[in-house]
Amino acid sequence: MNKLHKIISVSLTQKLYFFLFLFISYGWYKNAWLPYSNGFYPISHLFLILMYPVCGFGIGLLFDLVFKNKNPFNNRFYGLLFSLIVPISTNICVFLVSVTILLFLNTFLISRKDLDLHFIVLGKLLLVGVLYYLQQYNYSNLLEESHLFVYSYIDGIIGNNVSAIFTSSVLITILSLILLCFDMYYKKEIPLYSYGVYLLTLVFYGFWKSDMAFILNHIFSSTVLFVLVFLAPLSSFSPYSKKRIFFYSVLLGLLILPFSLLTNFFEGVYISTLLVNFILIFLNAGQSRFIRARIRQK
Amino acid sequence: MAKLIKLDKDVTIQIKDKSEEYLTPDFVYIPFPPKKEDLKKEVHIKKASMLYQDVYSPVSGTLKSVEKNILSNGEEVNCLVFLNDFQEKREKTYATRKKINNLSKQDIIEGIYNTKIKEKLLQDGLVTFLISGIDDEPYIENEAFLQREHTKSIADTIDALLNVYPKSRAYIALKNTDNKTIMAYQNVLGMYKNVEIKLVEDLFLIGKEPFLKKYLHMKDHDVYLKASEVYEIYLNLKKRIPILEKYITISGNGTTNPMVVKTKLGVKVLDIFKKFYPEDLGDCAFYANGMMQGTVLDLNRLIVTRDLDGIIIMKKVKRVAKKCIKCGKCISICPFHSNPLLAYKLGMQVKCMHCGLCTYICPSYIPLYQYLRGDKRE
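So the sequences go chain by chain: R and H. Okay, so the first sequence: first residue is 1 according to the numbering used here, each after it adds one. Okay, so the second sequence: first residue is 1001 according to the numbering used here, each after it adds one.
The shape of chain H in the complex, shown without the other chains (with noise of 0.2 angstroms):
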């Protein structure tokens, strides 16, 4: 794999240090199952209930309709368009758990909603646990904002998690630049052993596992969990709900205003940005989950799913892309040392994570990730 770099970005971009929540929307849209069979045709929902494998209802409402609308990879899908009765009523409400630290593996496996991390789980025997705490994209927060916000909890799953585990270990990876997550750990962790904090360079990709488990020298077996699932973990088994909220940011150096807010999920993007950002943002362009890895799109059909971190807003730059000069360092710096060359003049398929650095690091400005998504050919 390749050396992962340091990105250039502008300081000037400073998130609001407090998040901001929008928890009653009007409307939630769900996208359809990849099923056909597994669409209920329920008029009413309530709040958490399961609507297919690993969504359930974000509130309790009415379905008015079906719209078409966009996913934070561009794809357009249809959903079905939930009227909120702001009753938020439950199928069945369980009581919040006092501890969870005396719960059994059985009990955690039962309790965890999301089948990814379940599986994840269902290791025996010595596990180390390596806990991200990284957001890779720049501008984004959302797992810092998280992290500092519910720390506590974060630890005290952690803490049920290696009781299970008997002779386990957990290290929190975080940016040695995260000051403010740094010290909100260091207030907690000192009454939990056996979880320790690792400090790594703020590099770009740093936080994906294959790269931080390189780089820290873990194997691959250990179980990787990112802090949002950690803290989904802690939902699911504390107040036995499933993930029903998400934490996006909105930065970029098109708004004054960059902050992380936390939203329902299903939300329109449109809603939120209705309510925090009322006035014209003039000519800027949206890209839905980062700069480097998300697409520019349309913000009036996107809708908040667990695949969206955020929304940076960037000032418009006429950038014309210029005849490739063969210099190579599209392949040097790509993490599988692919060549997105052959991608873009031969329109061959090439392995790709779309991390977007050949992007970046291109000096005629070529939009290879768009020849390497397939979406463009020379």
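If we strip away everything but chain R, and leave its shape as in the complex, we get (with noise of 0.2 angstroms):
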């Protein structure tokens, strides 16, 4: 076995758990370290922003434990995923009793019922309702929010750019992509043929309204962009036939831009996401009962 087999033959799940830690990396650099290098956060915020990937994994881990969960696809990923795409304004209480009901629903319902529920975006958007509903709803940390500077294009593309805690670095989003390509169990069609389209869209979108800033805004949208590469193709809630991928990521890739003008570009790819996704839930309800049916009568 050569170097360049043992690293292709690394499980999908080891390769995403590393991609993941350079998404908390480089979030904790952003989030963190500017502004503590600049005087708006005291030095305990180095760490406490990182209470948020430690809890969701540990959590997600004691879930595992008490539960026997022995599955690739385990609530400690679970649990480290959604705390890389909350806010960064959550509250940790709000966030650890957020992530325990989650890890709950997948174990007792969504696991053992084998549904195809993406609990993690429905579970954000809840999330979302929670910290609007407190008035905590807020994407930037303080240095973003002191005005003293204005991010530039490239900025944006590096990863300094107002998005979810650990997901803004567009550049690592990217490689990840590239790299996650050549793993034969990453469903890499939903990630390609969606952003295909929401590029069309937008593209379609800015001609009709003349607003070439806007395309340029949005096309390396690191929020889009994450929940392209990382969450819609998570094989346990996404369509694993050829045609249902297809329909999957094409719906997908359209209903990003107007759910996204509708609200924001924050959560409109996480509605578009969650709609899919029941689509998908009632056309393989729709196909179990057919089957049945049909075994049935012969």
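Don't read these hints as lab results, they were simulated from the structure. Wrong hints could be hidden among the right ones.
Per label pair, the in silico range of CB-to-CB distance [claimed, not checked]:
#1 F282(R) to R1319(H): 28 to 36 angstroms
#2 N264(R) to K1345(H): 37 to 45 angstroms
#3 A1321(H) to Y132(R): 40 to 48 angstroms
#4 D1010(H) to T201(R): 49 to 57 angstroms
#5 F207(R) to N1176(H): 37 to 45 angstroms
In this text, a Cβ means the ideal position worked out from N, Cα and C, and glycines have one as well.
Using the supplied hints, reconstruct the complex from the two chains, each of which is provided in its own coordinate frame.
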């Protein structure tokens, strides 16, 4: 086994953990180190911000140990993934409660009943609702809120843009996508097709409104890219047949822009993912019912 | 049809260069015929006498008892147990033909014992013969050994067939990694015009008729024969006997001595193992007909039939099947694009050739082949 083969044979979950670690590192730099070095946060914030992924992973691990979950996509992975997409303004207690509820839901309902419900996306949207209600809805850190500077276009691509707590780096997302495309178990068609369709709708809308800046501002939206690369293709919540993957991806790509315009670019992609996920659930349920009826008839 | 893939193989498993022989068994076991009325109640049998359609006695001897044994597909069958008298007596002995390339089409068709092969050769006009010398299953090399040891006989038979089908051609398909067989043919084929070697990639299932024809851009009506079938025709025509012996491969990482054994049909696999593997093989799994398309079976009752290609002995690895992660790889790799998950989750019967690719590719180690065969439900 040569070195290249060893890298290729690393499992998909191990690769995903590695990329999530890169996101956490960059998010820590952007949301903790930079504001701290500019005097916006006390030193404790450098550790506090890491509590989100540590707690997400820890609670997941606890669930996995107690309920003996040995599946590759387990609660600790989902807990960690969820901790990356919460807004920075999320209170740690609210986060802990929401992670526990979500993993509880996963263990006792989604996993047991084999539902395809994308509970991470659902959880994120519910959390946003709660934050909105508590008037804590905010994606910017104190440095960004201070309006002492304006992010340039290059900043946005590198990762200095307003986004969820650990998902701001577009470069890491693109790099992850390129490397994940070599993994045979990664559904690369979903991010590629849906991003392609999203780009088309964006360009079409930009030309229609004669607003080239709009296209440039959202072409590399870190939130959209992160959801398309890491959340939408998660195998447990996405289709597995070729036709359905195509349908799922195209529909997802088509819905991102309308929902982003209706709400905002932080939540639009989550709403469209959840909507497409619901359609998938109905399709699967319909197919299962039809097949069961046919088997019974025989 | 799906794109075929190359399987990862353990390169340390190397089969011995020369085949071994086990042609003098004490007992042979002949499965009961599918129709009860075909069962002959003879106590004494002679070698090569027809027991029922396409089944001939591999030895001469006497009927001793009836015993339950298992076939390579796991089916339990009643078998007639014959005690070998080692006299090899035949009912009627025919002289070996000196030449077979001067036979007429009628002589050839009449001379062939196997009805399936006979039907394939009943075509008229221009015929293209596709001879597959490929072993699909990893670690099984029956076809390769047979071709290396009987290259001239196979080439003679192809030549005889081409003589009765004017303007016909024959292609021998070999894997481009099978150097020894390629060399064996190269030493012989110069004398035979209209016979060509076609090299194909080392892909799983490439030796199967539809895939090989598609790979070589051949037509559906072209005649497909396995090298072992060509050799069977040779025995039928030249020596005027049906096929009574067979090559089987015994290999895998559970043995240090992988080999190909030439044995009589109807022999118990356990008897072969007693001769060649007297030592304890330890905690191993025995796959009849290979790891991909075969089944784990109890060796004690398994008998050699025409369908048995080999026994793969693999060290047991503890792998617990996990929950399906819905990656869909089993669907995309399936040669028919069938959905094995429908069999796994809903118990639905799907189109399946039991190639084992879905189980091979599954990252959750779900034994999908068991669900597809209907042996298991989720």
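Okay, the hints, checked on the actual structure:
1. F282(R) to R1319(H): 28 to 36 angstroms: 35 angstroms, holds
2. N264(R) to K1345(H): 37 to 45 angstroms: Since the Cβ atoms of N264(R) and K1345(H) sit about 39 angstroms apart, the hinted range of 37 to 45 angstroms holds.
3. A1321(H) to Y132(R): 40 to 48 angstroms: Distance hint for A1321(H), Y132(R) holds at roughly 43 angstroms.
4. D1010(H) to T201(R): 49 to 57 angstroms: 50 angstroms, holds
5. F207(R) to N1176(H): 37 to 45 angstroms: 53 angstroms, violated
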